[in-house]
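Trainee: Single-letter residue listing:
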Amino acid sequence: GSSDGGGASDKNSSSGGTTEVKLGVIPIVDVAPVHLGQKKGFYKKHGLTLSMTAAQGGAAIVPGVVSGQFQFGFSNVTSLMIAQSNDVPVKAIANGVASTGVAGADFGAITVKKGSAIKSAKDLEGKKVAVNTLKNINETAVRESVRKAGGDPSAVKFVELAFDQMPAALDSGRIDAAMVVEPALATVKGQGATEIASSLVDVAKNLTVALYFTSNQYAQQHPDVVKKFQEATAESLAYADAHPDEVRQIVTTYTTIPAAVLAKVTLPKWPAEPNRASIEALEKLGEQDGLFKSTPDLDELLP
Amino acid sequence: MHASLVVSGLRKVYEGSGRRVEAVRDLTFTVDAGELVCLVGPSGCGKTTLLKCMAGLLAPTSGEVLLGGRRVSGPPPGMAFVFQEYGRSLFPWMRVGENVELPLRQKRLSRARRGELVADALESVGLADAARAYPWQLSGGMQQRVAIARALAYEPEVLLMDEPFAAVDAQTRADLEDLVRRLWRQRGITVLFVTHDIDEAVYLGERVLVLTASPTVVREQLKVDLPEERDQLRTRAAPRFAELRTRVYEQIQAAKRGEPVVEDAPPPR
Amino acid sequence: MHASLVVSGLRKVYEGSGRRVEAVRDLTFTVDAGELVCLVGPSGCGKTTLLKCMAGLLAPTSGEVLLGGRRVSGPPPGMAFVFQEYGRSLFPWMRVGENVELPLRQKRLSRARRGELVADALESVGLADAARAYPWQLSGGMQQRVAIARALAYEPEVLLMDEPFAAVDAQTRADLEDLVRRLWRQRGITVLFVTHDIDEAVYLGERVLVLTASPTVVREQLKVDLPEERDQLRTRAAPRFAELRTRVYEQIQAAKRGEPVVEDAPPPR
Amino acid sequence: MLRALFVVAFPALLFVVWWFASDDSTDVYWPPLRTILRTFPDVWTRARLRADLLPSLLRLLAGYTSAAVVGIGLGTVVGSYRKVRAVCEPVLEFLRAVPPPVLVPVIMLFAGIGDTMKIVVIASGCVWPVLLNTIEGVRAVDSVMSETARSYGITGPARIRSVVLPAASPQIFAGLRQALSIGIILMVISEMFAASNGLGFTIVQFQRGFAIPDMWTGILVLGLLGFLLSVLFQLVERRVLGWYHGLRDASRRSP
Amino acid sequence: MNAALGAAGLAAFLALGEAVPRLGIVKEQFFPPTSRIARALGDEITDSAFWTDLGDTLTGWALGLAIAVGAGVVVGVVVSVVPYLREATASTIEFLRPIPSVALIPLAVLLYGTELRSVLLLVVYASFWQVLVQVMYGVRDVDPVAEETARSYGLGTWARIRHVLWPTALPYVMTGVRLAAAVALILTVTAELVIGAPGLGARIAVAQTSQAVPELYALIVVTGLLGLLINTAARSVERYALAWHQSVRGEVTV
Ligand SMILES: Nc1ncnc2c1ncn2[C@@H]1O[C@H](COP(=O)(O)OP(=O)(O)OP(=O)(O)O)[C@@H](O)[C@H]1O
Ligand SMILES: Nc1ncnc2c1ncn2[C@@H]1O[C@H](COP(=O)(O)OP(=O)(O)OP(=O)(O)O)[C@@H](O)[C@H]1O
Ligand SMILES: O=[N+]([O-])[O-]
Ligand SMILES: [Mg+2]
Ligand SMILES: [Mg+2]
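Protein chains in written order, with our numbering: chain D, 2 to 304; chain R, 2 to 270; chain H, 2 to 270; chain C, 36 to 290; chain U, 107 to 360.
Quick caveat, the hints were computed from the structure, so don't treat them as lab data.
Bear in mind that the values here come from a model prediction, so they are computed numbers and not experimental data.
Check the hints yourself; a few may be wrong.
[Unchecked claim] SDA-like, lysine to any residue: derived pairs with alpha carbons at most 25 angstroms apart:
hint, chain 1, residue 1, chain 2, residue 2
1, U, K133, D, A260
2, D, K136, C, S57
3, D, K114, D, T101
4, D, K294, C, S231
5, D, K136, C, L264
6, D, K294, C, L72
7, D, K129, C, A86
8, H, K108, H, E124
9, C, K118, R, K224
10, R, K257, H, A238
11, R, K257, H, D200
12, C, K118, U, A349
13, H, K108, U, V251
14, D, K294, C, D77
15, U, K133, D, K136
16, D, K158, C, T80
17, D, K294, C, S57
18, C, K118, U, R128
19, H, K108, U, A265
20, D, K115, U, L129
21, C, K118, R, E16
22, R, K257, H, A175
23, U, K133, D, T195
24, D, K129, C, I142
25, D, K294, C, R73
26, R, K257, H, E23
27, U, K133, C, V141
28, D, K129, C, P76
29, H, K108, U, R128
30, D, K228, D, T50
31, D, K294, C, I195
32, D, K114, U, V251
33, D, K129, C, L72
34, D, K114, U, R128
35, D, K114, U, A265
36, R, K257, H, A129
37, R, K224, H, Q172
38, C, K118, C, I195
Only chain D is shown next, with the shape it has when bound in the complex (with noise of 0.2 angstroms):
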């Protein structure tokens, strides 16, 4: 298991020659290269030792890291700039996770019930769309696929829904579509259903889904442990993106994915830096759906 946080370890204590950081995550597929960079050593090498804690997501993450619970954490890019547009101190540092850019192969679609009438995302005009957190990445990207199938985003109407419970949700006819990940992809896609559009490759080419990050203030006395973070980070970001084999067997040490659904499972990109370009598309996107309080200031926030 990786919820091994419990301890009463110090911010920065050292133990051999290794400082403990305390990094929060989601378990998901999407953390495995820290996992497997903490196997493989990449960290230890730098002079690091992990330890991870498993939230449920954001709410949990970000205040722990802005208060220097944990030293670093897992977000999602619209996340990110949210907070920070709402002057909570947080800077990324390392890439965490991109679309596989591949319309139809990506690790996040928008999928419909099996026989449904829907077939593209122009069809979701009047329809209830689940996603998994209102006004945030998943939200965009629908509304991205939407308006470039021609139709008109502000007339879907949105359902928050956690990934787990979209299979139950969708199959029973509830919502008419939802935006999911893997490895809930996975599932409904064994219930039959369809993909009708990738909406992370609509949003930008090789989109920067995820960051880690930290707060300012720590990224400011701590640059040191930072730089190891990074460098660990982008060998563990490479090794992963290499060994796609390796990501599906340590994925197991941390979830519980049956494994028939894991083998089926489409595997997202860890490139070792974050797409600029993609995460300015975001930005913009966001900006016209309303969603930051004032424009984040991307140079500021990125790496």
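Start from chain D and add chains R, H, C and U with the ligands according to the hints.
Mentor: Leaving out everything else, chains R, H, C and U with the ligands in the frame of chain D:
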């Protein structure tokens, strides 16, 4: 219509919380239909227990109670009970009038008839003014009279009263005694009356049953051969009255001392 | 050491839940230190109210109560109260022995002394066996005797008793009466005793106070000029006893009828 | 007068403490009270109250009422019959321990994702204090009172209505009181799932959107709502339990 | 006897859990039948990490409950006994009570991260009110005659609390503890679930995001069973502590 009460071989043992009490050992007696019997006995001898068994509120350990030939296994209709713990037997969320009226509603009497019965009953115990008060706004004696009024308004065929006049003053007590005798004669009801007051037992009853101390049996059954028509002043002053009360007194004292029960004989004249 | 009780101009009006009752209108009387006074009056006339005011449990609407010259504003130490609602005044979560012992712990008596006092008190009311029972496992009369035992074990200087013998049988009652008189004489305590039994009032008291019906004032104060040494048989048979009881009876009946109060005079000899 | 002073003094003190303690806070999560109060009118506009507060209140009302009905009804039955209690208690205790955030997805399977689900979630949480207190209150009905009722043939519905429920009502009200605040809590939790409006939804959106002062105003609204509902509750209780308060106060008018 | 009836009730409940998906009322995929859940539960309990997590959850629960009950009882009694305190605090209590612990999660994390203390903060906050309100209603239930008796015998404030007020409030407190025990368990699991503190909740979170439905239900069953055990314990304490009370002694006599 009115039914006799037969108690045969009644035994009641209380068990629980680390205490076992044989409250009643073996009681056998009969109250004829339309009879008024008074029950006396030392404190804690099992009078309340006996009454509750007779009312079908408590299951006897062995033995049985027959009412009109039918075994009592739950509260029979047409029977009213005046509890010794009068305070706790009134419902504090109901006003006095409602307390008296409640059983009548259960009898499905008309509203008008209920109102009449309630008013009459409260009037007869001297509480006509208190109908709108809550029980806890009344004095102890007044509460006890409410409980009596409730039983009277119910127009029972069998009336079981457990020390019903313990908390009222002497004058009220005398009035209530006369009320009970009057109702008994008018309505022909069967009454079993528990009291600690020997004079009261003799004055009221057609027969006085004396119980022994626990474990309880019937010590004596005394026929009260005073005239039907009784009067607080004259009856109580009668020499026969004095004889009877002395007899009962002696029996109770003997019961308390635990003397063996003598044969059932009428007191000497 | 023992203190007199002075009640002056006491008035108590109950208000609330849509009812206003002037329970006590104007009471003025004195109980001397070491005196045993009995209080009689019609049901609901305010005896309990008066006692609670004297015990500092109820704030009078006007007037005051002085104990040993000091105004009573809360329960004074060294005073014991036997409540009319004996059942509710015992704590159901404590065994009988614990109920009796509790006030003694408050007095910080040693464990041994407490045990002794509890045993003696229970013994004297005839409940030595029941120490380990819970109050709700006892009969009504037994519960009442527990409440009395608690007051006796407390060794009070002032004892207020509100119909304390209402639920016990005649023989036990006589025994308890003698017990109260004996303790009163031995310990020189001040006793105020409410009862409905006129004979009891005359037998027990040095003085009998008769209250009128509500709104209450003192109707009569009667000195009981019977010898100190009293005896259930002889005293009650004495002609003077009969005179006194008749006098009290008349006064109560007059009180109930609401006749004007006559001047304070001793009964004719 | 003095009483009124006491009633306002303590909250006022807390307010002052909060005001000054937070006054120069730069922590985004602990904004100065000043900022929160300044944000308040901008956030809780009339339109928002209609759009978010009203649907929440209606769900709360529906959920709370059904919980009260089910809790009192079931509690009376379970409390009255020892055997029924023995059969039901383990299952009830099992269900009671399941946390609403995990329970909601299960409820969604049966009740959909609309208002029905939210009402069921609210009811499923509120019902416990009412149920438990009703069971205990019914079990504790004074033996002399229930014997009195039995001896007068007051059985069945009349017994429940005239004896059992009034006797248990002080304790039932303790449960209803508890349920009120639990209802508000579950209203928030239910609106974290598949919602598009409501007080809980709004607060969670603020929280996820890092609009921290706005989130604090939402917490204030929840508190105010709880306070107002409890005042309302007390008015009802004073009426229904008038006899009880009278009885308990009877001798407390002492020095 | 009671245990047998309770087992029968549970068996019926489990049978229902088997029947609902089997009859197609919901899909097995989303609501696995009891037998499938049992299999997943079997797998769970052979995993040592499960027991560690269970231990963490129980620690958080027990500590949180103990603090909440202690504080709830003390505050409840003090507020009820000290004149004016009740009036003074009433509005504040009513204001704070409905604020959901879940809304406080960011604050808890801010203060204590994902440590036990963070869980405790949420658990104590939520279960404290359960006890407090029950204590306040319980204290109000003191019989006036009992109270007068105690006062007339000169029992001081402390003695009256101990000998009169406490026994009277105890049945209410017991109900409060039972309510609080469940709420504490709920909040322990919820807090672990949301903030990722180690324990059953974190395990549930993983099962949720992993689409591991039977495992998820197995864990839900574990929390339910915990609740059941806790209640059984509370009931036996009650049978001992409230032997004198109508609700318990009523069970003995007919
Ligand atoms: N609920 C109970 N549990 C255990 N024992 C009980 C219970 N009720 C009564 N007893 C015991 O049974 C015996 C008889 O009690 P009961 O109340 O019938 O006496 P009683 O004749 O009515 O006395 P009293 O004249 O004092 O009212 C007593 O010894 C009492 O202790
Ligand atoms: N708590 C109360 N609230 C309102 N009225 C009350 C209250 N207690 C007593 N009263 C009223 O005050 C009057 C006197 O009551 P109190 O109990 O003092 O009488 P008492 O002389 O003790 O009568 P009893 O001999 O019947 O016990 C009665 O009319 C009664 O209704
Ligand atoms: O406080 N709760 O979130 O239950
Ligand atoms: Mg009796
Ligand atoms: Mg009185």
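Trainee: Which constraints among the numbered hints does this structure fail? Numbers only, ascending.
Mentor: As far as the earlier hints go, 2, 5, 9, 15, 18, 26, 28, 29, 31, 32, 33, 35 are violated by this structure, in ascending order.
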